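Position chain W relative to chain V; hints supplied.
If you read the sequences in order, they're chains V and W. Numbering of the first sequence is given in the working numbering, commencing with residue 51 and proceeding in unit increments. Numbering of the second sequence is given in the working numbering, commencing with residue 51 and proceeding in unit increments.
None of these hints come from the bench; they were simulated from the model. A few of these clues could be false.
The list cannot tell twin chains apart, which means a pair is met if one copy fits it or any two copies do.
Claimed, not checked - Derived DSSO-like pairs: lysine-lysine, alpha-carbon spacing no greater than 30 Å straight-line:
id: 1; residue 1: LYS138; residue 2: LYS207
id: 2; residue 1: LYS138; residue 2: LYS126
id: 3; residue 1: LYS164; residue 2: LYS126
id: 4; residue 1: LYS179; residue 2: LYS126
id: 5; residue 1: LYS53; residue 2: LYS190
id: 6; residue 1: LYS78; residue 2: LYS140
id: 7; residue 1: LYS97; residue 2: LYS78
id: 8; residue 1: LYS179; residue 2: LYS190
id: 9; residue 1: LYS140; residue 2: LYS162
id: 10; residue 1: LYS190; residue 2: LYS97
id: 11; residue 1: LYS203; residue 2: LYS53
id: 12; residue 1: LYS97; residue 2: LYS179
id: 13; residue 1: LYS208; residue 2: LYS78
id: 14; residue 1: LYS140; residue 2: LYS97
id: 15; residue 1: LYS140; residue 2: LYS71
id: 16; residue 1: LYS156; residue 2: LYS53
id: 17; residue 1: LYS71; residue 2: LYS126
id: 18; residue 1: LYS138; residue 2: LYS53
id: 19; residue 1: LYS187; residue 2: LYS97
Source: prediction; values computed, not measured.
2 protein chains.
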Amino acid sequence: MNKTVRLSTPNDMPRVLELIKELATFEKEPDAVIVTPEILVEEGFGKDPLFTCFVAEVEDEIVGMALVYDRFSTWKGRSIHLEDLIVKEKMRGSGIGKELYTRVIKYASERKVKRIEWAVLNWNTNAIKFYERSGAKVMKDWYIAQMDEDGIKNYLKKNENI
Amino acid sequence: MNKTVRLSTPNDMPRVLELIKELATFEKEPDAVIVTPEILVEEGFGKDPLFTCFVAEVEDEIVGMALVYDRFSTWKGRSIHLEDLIVKEKMRGSGIGKELYTRVIKYASERKVKRIEWAVLNWNTNAIKFYERSGAKVMKDWYIAQMDEDGIKNYLKKNENI
Chain V
51 MNKTVRLSTP NDMPRVLELI KELATFEKEP DAVIVTPEIL VEEGFGKDPL
101 FTCFVAEVED EIVGMALVYD RFSTWKGRSI HLEDLIVKEK MRGSGIGKEL
151 YTRVIKYASE RKVKRIEWAV LNWNTNAIKF YERSGAKVMK DWYIAQMDED
201 GIKNYLKKNE NI
Chain W
51 MNKTVRLSTP NDMPRVLELI KELATFEKEP DAVIVTPEIL VEEGFGKDPL
101 FTCFVAEVED EIVGMALVYD RFSTWKGRSI HLEDLIVKEK MRGSGIGKEL
151 YTRVIKYASE RKVKRIEWAV LNWNTNAIKF YERSGAKVMK DWYIAQMDED
201 GIKNYLKKNE NI
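For reference, chain V alone in the conformation it holds in the complex:
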């Protein structure tokens, strides 16, 4: 099996989006994805790219992706965030996920960051075990908070006087 992991190009973005949608379905939110291939190209390959994306290919077909970007920890300093690591369902168990994960960790090491951070669903026990065995710490005492566009608009309307 001819496997490679490489940096993505703008041309890969339609296929990368298919993988993103596949993951959203796995995470039980198939309609939550509003990103388009054009947005991925614009935000990832413009003059101030917001992310770096790796793709895994088998026999010239993209079967996995990992998307990362810089963050800043006020405790540790420069770090990277692993936003998504996705392997096409049929290819799971083939070692491709581990190759992408290793590529991300090499990227972190090359950039000399202090930390890699990501989120994992608490019912995804296979992923949690994999991450813990690999040397990551899975922290169970944090919640993730989000305010979406409507939330932002409503908040500012209610708090005009501040």
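For chain W alone, coordinates are given in the frame of chain V:
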């Protein structure tokens, strides 16, 4: 009381670091902060800044800060992360936290991002209530995973062949 919220300057970083250390103590990890004022200046005010920091002043003393940076959601698109929002202990309850929070939400709105995200400790019920009342969604089904510098080094040593 003469209160202002403004963008920080490099000169504010020593005081900002004191607030970061105060929060680390509140979160029961006083020794976890390895960042220095020099690192904050370098990463926040160089040619490719990693973050934007706001400070709150009362009678010319910095009593609070909020630190944010760009992220990218593969579902929603451009977003911002609120890494820290800190108010000096003696000034809590004075409305300064809400002013900083509002400044961050305005910043998000000005930049037309799709989402603001942050993390909150699950025992910090006052903060959770405040966020929920403000229109944020606090998600309880995610864990945060982290691999630190030693973890990165050890992983790559064990997986040299990948």
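### Message
Tell me the numbers of any earlier hints that the structure contravenes, in ascending order.
### Response
Violated hints (numbers, rising): 5, 7, 9, 10, 12, 13, 14 and 19; every other hint is consistent with the structure.
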